[in-house]
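With chain H fixed as given, assemble chain S onto it according to the hints.
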Amino acid sequence: MSYNTVDTENTLRTTTMSAYRKLETKSTQLLEKIRENLEQLNEKIDVMIEIQKHGKRELPEDLPEALDVMTLLSLPDHLRKTAVALCKLEEATADEVSEQTRRARAVESGYLNQLVVMGYMKKERRGRKAYFFVDKEG
Amino acid sequence: MVGKIIAVHSYKGGTGKTSLSVNLAASYARRGKKVCLMDLDFRAPSLHALFKDQKAEYWLNDYLNGICEIDKVLIDATKDHGNGGKLLVALANPSTEAIRDMTAKDRKWEMKALGRLLSLRSSLLNDGDLDYIILDTSPGLQYSSINAIVTADVVLVVTSLDASDINGSQRMTSELYDLFEKKTGILINKVIADYLSSEKERKKFDKHMKSVHRLPILATIPCYCEVLRAAGDFIFTEERPDHPFTETLDKLATKVEKF
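Chains as they are written, first to last, in this note's numbering: chain H, 1 to 138; chain S, 1001 to 1259.
Isolated chain H (complex conformation) (with noise of 0.2 Å):
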């Protein structure tokens, strides 16, 4: 074998190589912004069926005023849980909620979407992480 046939089948594994990673980045981008998508569904499908729940005409009329402690004694106990992690951590991700109160990440994900709903919260996206956190201000 001449030395040319080494090096051209050197540079066509290197070009293959270089193609596979850039598939690899490609693909797995592309699943990230599917997931990214998938979880985008999700919160808007928990917003949907709490607002099924209680009936979109009691929400905008009867906005609560504040999350103080009132308000949180009278939450449904698995709302109450998430809200009272809330204000100890004062903004958080559902990762960072899930983590103290030992519940599943998307479980809190469904509650602190209903707590946004039910006008508790406020919910803000900054690039992919989605970050809730009580309006003090507002």
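Please note that a few of the clues may not be correct.
[To be verified] Derived pair list, reagent style DSS-like, types lysine-lysine, alpha-carbon separation capped at 27 Å:
1. S:K1033 - H:K136
2. S:K1112 - H:K129
3. S:K1033 - H:K88
[Claimed, not checked] According to the in silico footprint, chain S covers these stretches of chain H (three or more CB under 8 Å from chain S):
4. 75-83
5. 90-96
Hint data in this document are derived by calculation from the structure and do not stem from the laboratory.
Only a predicted model underlies this, so the values are computations on that prediction, with no experimental measurement involved.
C-beta atoms are modelled at their ideal positions from N, C-alpha and C, and glycine is treated no differently.
Just chain S, lined up with the frame of chain H:
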């Protein structure tokens, strides 16, 4: 060791919350701990009377109002009351105007106040290196007390043997402490000596109290005239280290430490 926040609460007034808070703080200081005692009873402040010689730049009210940071409120009482440890005190403003102002706060303010109280954990326990924060609260279902309960790791409920007090404490257990999933213990205070006159009587009393309170009973404190005579003028356990009241409080401190 990670520091602990202890809230001392009761259903009714006059159960001895302040006396027990102060003496518990003193007990921890005696074993070399760094303690901060806070007066969260804004409707009827009382710690200022005991620490009357010390003045801080600001009151605890100002910290909750967002006017200053907590370091401007803290009085270092270690020189007179450190006893080998460290004792910091934060006082509530006793002026009528301040009391009126605190009772007129709206829900939004109370929500912010809860945030300020919750942030004490990082400023005093994590960064300030304290071992204990003891919150002396208002009786009953007041905003400031519930804020303190939400902030605390451990809630100590002081109750007398008064029927309405026992009943109120039972209701608060299911309607307040349970809802916030707090570690809560009962302190039965001012127990008449007759109930504890012999081992047999004491066992009978303990059995009865266990059937009344669903929560663990961390201390049964007899009513001592000497303690009443101290009348919030001095720290009893500091002046009388050999008194049985001091021994009871020391035992309570150990129990709370492990609780």
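Going through the hints against the structure:
With a C-alpha separation of about 35 Å, the suggested pairing of K1033 (chain S) with K136 (chain H) is violated against the 27 Å cut-off. Taking the CA atoms of K1112 (chain S) and K129 (chain H), the gap is near 26 Å; set against the 27 Å cutoff, the hint holds. For the hint linking K1033 (chain S) to K88 (chain H), the alpha-carbon distance of about 25 Å falls within 27 Å, and the restraint holds. For a cut-off of 8 Å, the count of residues in the stretch 75-83 of chain H with a CB near a CB of chain S stands at 3, and the three-residue condition holds.
Figure legend: the stretch 90-96 of chain H, annotated as covered by chain S; annotation inconsistent (1 residues with Cβ-Cβ distances under 8 Å, at least 3 required).
The earlier numbered hints that this structure contradicts are 1 and 5.
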